Amino acid sequence: MNLDSKIPEGPIADKWDNHRFSSKLVNPANKRKYKIIVVGSGLAGGSAAATLGELGYNVDCFCYQDSPRRAHSIAAQGGINAAKNYQNDGDSVHRLFYDTVKGGDFRSREANVYRLAQVSTNIIDQCVAQGVPFAREYGGLLANRSFGGAQVSRTFYARGQTGQQLLLGAYSALSRQISSGQVKMHTREEMLDIVVVDGHAKGIISRNLTTGETNAWTADAVLLCTGGYGNVYYLSTNAIGCNVTATFRAYRRGAGFANPCFTQIHPTCIPVAGDHQSKLTLMSESLRNDGRVWVPKKAEDASKHPNDIPESDRDYYLERKYPSFGNLAPRDISSRSAKEACDEGRGVGPGGRGVYLDFSDSITRLGESAIRERYGNLFQMYERITGENAYQRPMRIYPAIHYTMGGLWVDYNLMTTIPGCFALGEANFSDHGANRLGASALMQGLSDGYFVIPYTIGDYLAKAGAGAISPDSAEVKEVMESVRERVDQLISSKGKRSSRSYHKELGQIMWEYAGMARNEKGLNKAIGQIQDLRDDFNKNLLVPGSGDNLNAELERAGRVRDFLDFGELLCRDALERNESCGGHFREEHQTEDGEALRDDENFAHAAVWEYDSDDKIPSRHQEKLTYDNVKLAVRSYK
Amino acid sequence: MKLFLKVWRQSDRNDEGRFETHTLDEVSEDSSFLEMMDQLNEQLLEEGTEPVVFDHDCREGICGMCSLTINGHPHGTENSTTTCQLHMRKFEDGDTITIEPFRARAFPVVKDLVVDRSAFDSITQAGGFITVRTGSAPDGNALPVPKNDSDRAMDAAACIGCGACVASCKNASAMLFTSAKAGHLNMLPQGQAEKDKRVLAMVSAMDEAGFGNCRNFGECSAACPKDISLDYIAKLNRDHIKAKIKSVFA
Amino acid sequence: MFASSIGKKYLMAVSGLVLIGFVFVHMAGNLQILMGQEKINAYAHALQSLPMPILWGSRLFLLAAVVVHAVTAYQLVVENRRARPQSNYIETTKKAGLASLRMGLTGSILLAFIIFHLLHFTIRLIYPEYDEMMTTVGSPDSNKIHDVYTMVIKGFQHTWISIFYVVAMFLLCGHLAHGVSSTFQSLGIRSENWRAKLELAAKAYAWVIFAGFSIVPLLVLAQNWGMINIFNFSSGMEPLALN
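Chains as they are written, first to last, in my numbering: chain A, 524 to 1161; chain B, 23 to 272; chain C, 9 to 251.
Just to be clear, a hint being listed does not mean it is correct.
With a straight-line cut-off of 20 Å between C-alpha atoms, the simulated EDC-like cross-links for lysine to aspartate or glutamate are [said to hold, decoys possible]:
(1) B:K112 to A:E906
(2) A:K1017 to B:E64
(3) C:K16 to C:E87
(4) A:K1017 to B:E68
(5) A:K1019 to B:E68
(6) B:K169 to A:E660
(7) A:K607 to B:D161
(8) C:K103 to B:D249
(9) A:K844 to A:E863
(10) A:K1017 to B:E69
(11) C:K103 to B:E100
(12) A:K1017 to B:E72
(13) A:K1019 to B:E72
(14) A:K1027 to B:D138
(15) B:K217 to B:D171
(16) A:K538 to A:D934
(17) C:K16 to B:E230
(18) C:K102 to B:E100
(19) A:K1027 to B:E64
(20) C:K16 to B:D218
(21) B:K112 to A:E911
(22) B:K169 to A:E1004
(23) A:K707 to B:D138
(24) A:K1147 to A:E1099
(25) A:K1062 to B:E64
(26) B:K192 to C:E87
(27) A:K827 to A:D838
(28) C:K102 to B:D138
Hints are computed from structural coordinates only; laboratory data are not their basis.
All figures in this text were calculated on a predicted structure; none of them were measured in a lab.
Required output: the full structure, derived from the provided sequences and hints.
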């Protein structure tokens, strides 16, 4: 597998400029001869489709939802980082770059991250001009707040709905292109495979979810902007429909999949309430500014009412273990500590998987009204879901899968190992390493879509030349046939178990053995269990109804089928990465105090998996990561 | 808890549709309404019947995909709540719950409880944008925006496009949606250049899509999970007449 | 200009505003009957004696307002029914009250009432004998003028007619309770800041109109039943046979 990252020559600050100059351009009049397929309509896909359409390319954009505006980018709450330095507090492109590389625990590609920091400022300008209602100060200028992992205020936000507002901005730009005819939007149309002809991506096969038709679409390039794979854990903060199918199908057709084991767990989610649970809800991390995390010291107190547990019987474990950072310890560290406490039987709430986030001290100190003013909407959300009043009894929180740093391997041009197939946003692997900092996901999605792909795709297209193949050609027909077979096989599964029950069981395996803490024995066990589960799935799956109309069970069955394969790949990657870094914590590799122990000697690389066949274990390749501008260092939050 | 469900079933747009009743036992009061629907579907699967299709995605009240008219109210009786945020503890053991799709000519039923809300997209495509070429934007702080205007724009922009306003309106009017979308941009200095054009185009797209007329019931705002204010409708009325008059004299 | 949905709402609002103003003036004029035969007759005569263009101009203007209001309302109702062809199994509301939901019904009955009212007291086709009620009371000179006072009192002595008038005014009250505030909304000059106050004022206005219009027929009936004695029942010609 050729893993040439194509990092441009020159000092890091000049690489992007040099690259843009040396890239070939497509003449404006020729752009209309090219067709581009964009799969996904979130921040990455929406902004890419809009911008490429505006440049004059013919774009077909696809999403499984009923409208491009519903992509899950919409759920991001906190904000978007940019090195604007409007606060005059010492921020710079280099500092944002540095924070991101360090926050990613030195497993991201320096050149990509630097470019991300460079274009971050353009994103804010673009969004403001689109009418994104960012928070403002009384003088009318943009407001900022600080976020985890940074010592400057560089986060722009629109109340607690930043993702929604940025997505609506991209959606409005996309809508403009749709009305002008430059972009054709295909909603409720799910990509099920990619067409590769002579080694180049030339189209996709999709299924119309309303009519059940299988359709072939051809183009000169395919952009996969299909988000992350957090739903392999069944319960996550992702939307129900989020899936790995698009990227996994590309992987099966030759795209390398990088670092699937890099998953991010968010410490402040509302815990699972019972077996009925279908989704986890994130509570803003800002709550940890005024809440104290604790569990009972004695396991037998776990079932007591929290207010009946005296102060002396409470263990404020974050304050105890990390005196200098206390309740504000980073995401991965506080998540793992919560798990430890619950593993010791001291977890609270249904199922014993929860810890208290207690505001009583802050309420005593600042008054209830001050807390209400700061977090009123979050307390309300908490009450709606749990039925408990967090002003009177401590909140219960527990970590949950939130984001996946791994994804399709891409070079500096965001191109996968299949020429002509690009991956943008959360679907690729490049910028966040082993851990993503808060407010950086939105930045990356929009950077890729608005400011990177419009340049890099031109270089590819100019060199490859226009020449979309016919949807009726034999190569397309062949892929189409294989997709039809796959769908037919699912729809003829008239066994006993629903796809949801398989998904749930897969999620339990993943969470147990490949969740917050992993070890060799567990991962091997998980791989075996997943294989067994997959065999059972192939025999006993039940898909009701037919394939010629809206059939949610059929949709889910297809997605779960790919998750079953992908889950195994994730575990394999976790097994092979014999170190702890960022969100990947291997219990065998920790310091005496239980902190993550990185192995830069052997693992300062991206692990890239190449598919061979269903019978063979995929092969693992490496892209060596070099750090010329940031010194490798150990993170410490003691 | 035990529930009696009266659920709308309709095989496609042309089917007449009918109610089906189901009894559901052991519903956890901690589950959300959609999780209750999941449970119903698992039960239907076991019974060998086709599950009920309904729209949903983020299940945290922001994507706007979930719909459902529950006991006559879009998103149910709770205020400021989407269906996915509605929890079963708001119901009583033994309740009968009637579940219908969002009803409007402009929202044809696709299947069961799923309706086609693409008419909303066509309204946005008509003018719900500010024309700004990627890369040509001035510095974000080049144009100060009074905080109050920005806040009010944000109030309007909070709309999730779920269509509860249309479903709650006896006339199936889309004025709250259209006014929120237009109002968000019209409130900001960036949106001034295209304001008149936007208002006229969006209103005519709204009319063409087959929505009814606003009768100032105020029901839309009461049903809105994001509490979009009727002020935006007043503003759209105002902006529309101004644009019309200008277009006559231009 | 008025083809769009919002354009039609403007037509409704502007024509509505004309009628909202008219009912107040009309009511104020009517109430002069309580100040005696001379006052009301003189007022009516003065109105009738306005120069022809002003008199007929106003009449046509008002007629136009009613026609525009009614025709546009009809168009809107047709469009609205088409927009929501299927109703919910459970039709309910969180906020909208009867007054706003039943504008079509109250409006239709009011239209019927207006036609009856014109035939009754203005064109006087229902009781042509009203035309012959002439008197010098209230006349600016010695010429006989139309005896509005007698006509109204005789008119309201018919119990069912009076009840119809009062019921119609109650419906008008409901129509105004939603219509007045709604007019401001349609014109784009209502905001949440003063909406509560506006709605209160609109409701107060609606009840004032109701009271002002209903008091005359109610008092006539009360006197008919011997409860009070404030009108001069024996004015004008011989009492008409009541049917």
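So, going through the hints one by one against the coordinates:
no.: 1; hint: B:K112 to A:E906; verdict: holds, 12 Å
no.: 2; hint: A:K1017 to B:E64; verdict: holds, 14 Å
no.: 3; hint: C:K16 to C:E87; verdict: holds, 11 Å
no.: 4; hint: A:K1017 to B:E68; verdict: holds, 11 Å
no.: 5; hint: A:K1019 to B:E68; verdict: holds, 8 Å
no.: 6; hint: B:K169 to A:E660; verdict: holds, 6 Å
no.: 7; hint: A:K607 to B:D161; verdict: holds, 10 Å
no.: 8; hint: C:K103 to B:D249; verdict: holds, 13 Å
no.: 9; hint: A:K844 to A:E863; verdict: holds, 12 Å
no.: 10; hint: A:K1017 to B:E69; verdict: holds, 13 Å
no.: 11; hint: C:K103 to B:E100; verdict: holds, 13 Å
no.: 12; hint: A:K1017 to B:E72; verdict: holds, 12 Å
no.: 13; hint: A:K1019 to B:E72; verdict: holds, 14 Å
no.: 14; hint: A:K1027 to B:D138; verdict: violated, 30 Å
no.: 15; hint: B:K217 to B:D171; verdict: holds, 15 Å
no.: 16; hint: A:K538 to A:D934; verdict: holds, 14 Å
no.: 17; hint: C:K16 to B:E230; verdict: holds, 15 Å
no.: 18; hint: C:K102 to B:E100; verdict: holds, 10 Å
no.: 19; hint: A:K1027 to B:E64; verdict: holds, 13 Å
no.: 20; hint: C:K16 to B:D218; verdict: holds, 18 Å
no.: 21; hint: B:K112 to A:E911; verdict: holds, 13 Å
no.: 22; hint: B:K169 to A:E1004; verdict: violated, 57 Å
no.: 23; hint: A:K707 to B:D138; verdict: holds, 18 Å
no.: 24; hint: A:K1147 to A:E1099; verdict: holds, 16 Å
no.: 25; hint: A:K1062 to B:E64; verdict: holds, 19 Å
no.: 26; hint: B:K192 to C:E87; verdict: holds, 12 Å
no.: 27; hint: A:K827 to A:D838; verdict: holds, 15 Å
no.: 28; hint: C:K102 to B:D138; verdict: violated, 25 Å
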